[in-house]
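> This is what each chain is made of:
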Amino acid sequence: MSQRAPLLDAFLSALVALGLFAPMVGLETTVGVHGIVLVPRPLAVAALVGAVFVLRLAVRLWQARRPPAPAGAGAVRIGRAWAGMGRFLVPVLLAAALLMPWVASRATIDLGVLLLTYVMLGWGLNIVVGLAGLLDLGYVAFYAVGAYAYALIAENTGLGFWSCLPAAGALAALWGITLGFPVLRLRGDYLAIVTLAFGEIIRIVLLNWVSLTGGPNGIAGIPRPTLFGLRFTMTDDPGTFAGFFHLVPSPVQRQMFLYYIILALALLTNWVTLRLRRQPLGRVWEALREDEIACRSLGINITTTKLTAFAVGACFGGFAGAFFATRQGFISPESFTFMESATVLAIVVLGGMGSQLGVVLATLIMIGAPEMFRALADYRMLIFGLALVVMMVLRPRGLVTERKPSVTLGRGAAAIPAALIAEGHG
Amino acid sequence: MAAAEALLEVRGLGMRFGGIVALDDVSFTARRGEITAVIGPNGAGKTTAFNCITGFYRPSAGSLQLTHADGRGFALAAMPGHLIARRARVARTFQNIRLFAGMTVLENLLVAQHVPLMAATGLGVLAILGLGRYRAAERHAIAKARLWLERTDLLARADDPAGALPYGAQRRLEIARAMCTDPVLLCLDEPAAGLNPRETAALDALLRGIRDEGCSLLLIEHDMGMVMRVSDHIIVLDHGRKLGDGTPAEIRADPRVIAAYLGEDEEDADHLAPADAP
Ligand SMILES: Nc1ncnc2c1ncn2[C@@H]1O[C@H](COP(=O)(O)OP(=O)(O)O)[C@@H](O)[C@H]1O
Ligand SMILES: [Mg+2]
Chain A
1 MSQRAPLLDA
11 FLSALVALGL
21 FAPMVGLETT
31 VGVHGIVLVP
41 RPLAVAALVG
51 AVFVLRLAVR
61 LWQARRPPAP
71 AGAGAVRIGR
81 AWAGMGRFLV
91 PVLLAAALLM
101 PWVASRATID
111 LGVLLLTYVM
121 LGWGLNIVVG
131 LAGLLDLGYV
141 AFYAVGAYAY
151 ALIAENTGLG
161 FWSCLPAAGA
171 LAALWGITLG
181 FPVLRLRGDY
191 LAIVTLAFGE
201 IIRIVLLNWV
211 SLTGGPNGIA
221 GIPRPTLFGL
231 RFTMTDDPGT
241 FAGFFHLVPS
251 PVQRQMFLYY
261 IILALALLTN
271 WVTLRLRRQP
281 LGRVWEALRE
291 DEIACRSLGI
301 NITTTKLTAF
311 AVGACFGGFA
321 GAFFATRQGF
331 ISPESFTFME
341 SATVLAIVVL
351 GGMGSQLGVV
361 LATLIMIGAP
371 EMFRALADYR
381 MLIFGLALVV
391 MMVLRPRGLV
401 TERKPSVTLG
411 RGAAAIPAAL
421 IAEGHG
Chain B
427 MAAAEALLEV
437 RGLGMRFGGI
447 VALDDVSFTA
457 RRGEITAVIG
467 PNGAGKTTAF
477 NCITGFYRPS
487 AGSLQLTHAD
497 GRGFALAAMP
507 GHLIARRARV
517 ARTFQNIRLF
527 AGMTVLENLL
537 VAQHVPLMAA
547 TGLGVLAILG
557 LGRYRAAERH
567 AIAKARLWLE
577 RTDLLARADD
587 PAGALPYGAQ
597 RRLEIARAMC
607 TDPVLLCLDE
617 PAAGLNPRET
627 AALDALLRGI
637 RDEGCSLLLI
647 EHDMGMVMRV
657 SDHIIVLDHG
667 RKLGDGTPAE
677 IRADPRVIAA
687 YLGEDEEDAD
697 HLAPADAP
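The listed protein sequences correspond, in order, to chains A and B. Under the numbering used here, the letters of the first sequence match residues 1 to 426, in that order. Under the numbering used here, the letters of the second sequence match residues 427 to 704, in that order.
These are computed hints drawn from the structure, not numbers from a lab. Quick caveat, the model's predicted, so the values are computed rather than measured. Think of the CB as a built atom: it goes at the ideal place given N, C-alpha and C, for glycine as much as any other residue. Please note: incorrect hints may appear among the correct ones.
As the list claims (entries may be wrong) - Each computed DMTMM-like pair below joins lysine to aspartate or glutamate, with the alpha-carbon atoms no more than 25 Å apart: (1) A:Lys-404 - B:Asp-579; (2) A:Lys-404 - B:Asp-585; (3) B:Lys-570 - B:Asp-496; (4) A:Lys-404 - B:Glu-564.
Said to hold, decoys possible - One side only, chain A facing chain B, incomplete, derived with CB under 10 Å: (5) Arg-4; (6) Thr-29; (7) Glu-290; (8) Gly-299; (9) Val-407.
When you get a sec, could you build the whole thing from the sequences and use the hints?
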């Protein structure tokens with residue numbers, strides 16, 4: 001039995017492959033003289049099915065030769081390696097982020113702005129999903145609220161980016177609380193579905209409330225940010241950055257300015273999160289993810305605690321939205337689709353829920369890699385799917401899975417392995 | 427403890443789940459400064475009674491009146507769960523241990539002190555900026571945690587994840603965590619389940635110490651040896667009804683109790699498998 005099992009398994013896999021590939025690959029449509037004709041391609045199918053058979057057999061034989069490792073042992077080992085690398089990776093990444101615009105091309109700075117926007121969104125959502133364990137599929141709603149809040153306030157009052165930024169964050173937080181009130185009673189899948197719907201509702205309202213938001217046409221002419229009142233334009237009037245510092249005006253100056261704004265906003269998000277984690281509020285978010293019932297028995301108000309997580313996460317989403325609006329100068333509901341929520345959530349999950357460094361690494365992989373390998377764009381979804389499968393097999397808890405204690409009695413407490421950490425169910 | 431006053435008065439407590447009557451017209455009094463044990467076979471409704479007292483279930487009938495030493499009264503049946511812990515100061519442990527497994531032992535004890543700590547952070551905002559009384563409050567909280575770690579013999583494990591502790595240590599940690607909320611009434615659901623005799627003896631001493639310092643206890647326990655050693659008063663439940671009520675000596679002698687629980691199979695009674703409930 002043990003001898004034949006791998007063969008049988010490989011045979012079954014090949015059979016499934018045959019069923020799949022026969023219609024998908026085995027028939028090619030070509031335009032013939034009398035319209036479209038089907039050309040059978042038995043060789044291609046045979047090659048694919050054969051490859052599946054051989055690969056499956058090889059995998060099974062390899063597995064049989066090695067005794068099964070204790071579950072998660074590999075993950076722990078890699079986790080250790082990451083944790084060790086984190087100590088040196090963080091300063092390197094930070095230095096690279098700070099210096100990059102001085103040496104990079106305009107296209108690279110643009111990519112940097114994009115990456116940092118996703119890093120910031122990832123860090124913001126990490127508060128809700130990673131720390132508090134609340135699965136939020138509609139995070140883009142707060143991004144949209146922040147963007148439209150800034151655009152509309154600026155349009156109607158003439159205030160600049162810096163005066164509107166707190167208002168955009170506050171409005172997003174308010175929406176976070178408004179959404180949170182009715183839905184935080186729900187748990188798990190139900191919460192996920194309702195937050196997903198909320199994200200869509202916001203987008204559809206933006207699309208249809210034409211008198212306020214301009215509907216599908218969006219809002220254009222959103223004011224650009226200024227540096228202490230100095231504008232970034234292509235002239236060198238005294239009121240502009242170039243004029244004030246007697247520089248030759250160049251679009252790179254504005255680009256670098258935008259880059260440093262989003263870098264500062266992202267680092268602010270990170271700083272606040274790291275501080276909160278070491279304080280009662282952040283600690284109780286994690287406790288909530290671990291065990292809600294125990295929290296309640298300790299006198300903790302679960303609803304308000306969840307609301308604070310939603311509000312803080314939403315607030316940073318709002319900041320990022322305001323930045324997006326000022327960077328683009330134009331926003332429309334199209335920028336706030338479910339795809340954005342899914343991408344940010346994927347970043348958080350891939351990074352390892354609750355890990356700040358993980359979010360950065362995951363953004364580099366999720367957003368950076370596709371931009372770098374544009375030539376492979378046709379295979380993007382294929383690679384994405386493969387990567388997901390590989391992740392699920394090798395590191396189902398994400399890249400950085402360990403948790404550092406927020407407070408210690410002695411020195412140098414060890415990190416807590418993922419196996420002990422709950423993922424939350426609400 | 428002569429003529430101790432009533433701390434918790436349970437009157438006509440009833441709890442129904444659809445057709446199941448888990449508690450039916452149960453009345454008893456837990457007195458201040460005493461250890462009151464609740465015993466009974468599995469499924470008797472002991473955990474359900476705890477869940478009613480600590481606000482996890484809303485009783486179908488009856489009243490639960492808690493009176494603090496300063497005379498303030500709390501009608502527990504009408505209070506939300508977290509306020510029962512926060513205002514009425516009733517703490518509890520769980521039959522199937524509920525620790526924050528992915529957090530360290532010390533973190534578990536700090537979460538228990540969340541309410542006073544949060545007040546000291548200025549709703550979380552001031553502390554981010556490094557302002558407010560937060561530093562002092564945290565030092566105070568860590569000192570209290572350290573005290574309870576010493577008393578539960580967990581100090582050496584303070585920085586280890588709670589989920590990595592051995593079973594007995596997890597049980598003790600749950601008690602330490604409950605005590606960090608400064609309760610007037612501590613409800614323990616089978617704290618000796620799964621402990622070895624040495625650990626059980628240490629638990630005896632711990633519970634007596636807690637009682638002597640002024641926190642009253644309500645104790646569900648199947649280990650009759652322990653119940654008889656530490657309790658000041660025992661309540662016997664069976665099939666959701668109260669069967670008897672008295673001092674350990676009286677309970678030992680009560681023929682109905684013996685028939686229902688103690689007499690039949692004392693061996694069995696000691697090793698009843700824990701039922702699950704929150
Ligand atoms: N949430 C619930 N839903 C339905 N039945 C329950 C629930 N909780 C307890 N019960 C029932 O109430 C009875 C008493 O259970 P419990 O209080 O756990 O007993 P004990 O703790 O004394 O062993 C049992 O029959 C149990 O099945
Ligand atoms: Mg029970």
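> Checking against the hints above, which ones are violated?
Hints 5, 6 not satisfied by this model.
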